[in-house]
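Under the working numbering, the letters of the sequence shown match residues 15 to 140, in that order.
Derived by calculation from the structure, the hints in this document are not laboratory data.
Heads up, the beta-carbon is just placed ideally off N, CA and C, and yes, glycines get one too.
It is possible that some hints are incorrect.
What the hints assert, rightly or not - Quick list of the computed label-pair ranges, beta carbon to beta carbon:
no.	residue 1	residue 2	range
1	Ala-131	Ala-53	38 to 44 Å
2	His-61	Lys-126	24 to 30 Å
3	Leu-124	Leu-40	34 to 40 Å
4	Gly-28	Glu-103	34 to 40 Å
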Amino acid sequence: TESLIMQDPERVAGDLRRLRELGFALAIDDFGTGHSSLAYLKRFPIHKLKVDQSFVRNLGTCADDSAIVEAIIRLGQSLGLRVIAEGVETEDNLNRLRGLGCDEIQGYLLSKPLPAAEATAFLSCR
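Given only the sequences and the hints, what does the whole structure look like? Please build it.
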């Protein structure tokens, strides 16, 4: 959790480097909220940024949220990271995110959370 990282960031950075060496892809979740920091982008060996749904939800209706989403996408991509938008629930949000060049999305527009067996069936139909 973020509070654990704040207690010993150097140890956590070493642990994350070892995970990356083992082939794990790492993401910073809910970027832009809580303890998430621009310093994490330099310190931790991450692959992806996940834009918090609180910004995505109001994309297109709140100029500040739209600016924040665009800035996170540009920042992440300029650092060679993939950017995922959380909480995408409408076609309008999907289209806006596509226009901004967002790499990936997650949210109810694709599917509500599913039990493992249903998720497998859902994915096999795609």
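>> Please check whether Ala-131 and Ala-53 have a Cβ separation lying inside 38 to 44 Å.
In response: Distance hint for Ala-131, Ala-53 holds at roughly 41 Å.
> Per the hint of 34 to 40 Å, is the separation of the Cβ atoms of Leu-124 and Leu-40 within bounds?
Replying inline: violated (22 Å)
>> Taking the Cβ atom of His-61 and the Cβ atom of Lys-126, is their distance within the range 24 to 30 Å?
In response: holds (26 Å)
>> Holds or violated: the 34 to 40 Å window for the beta-carbon distance between Gly-28 and Glu-103?
In response: holds (38 Å)
Hint violations for this structure: number 3 only, all remaining hints satisfied.
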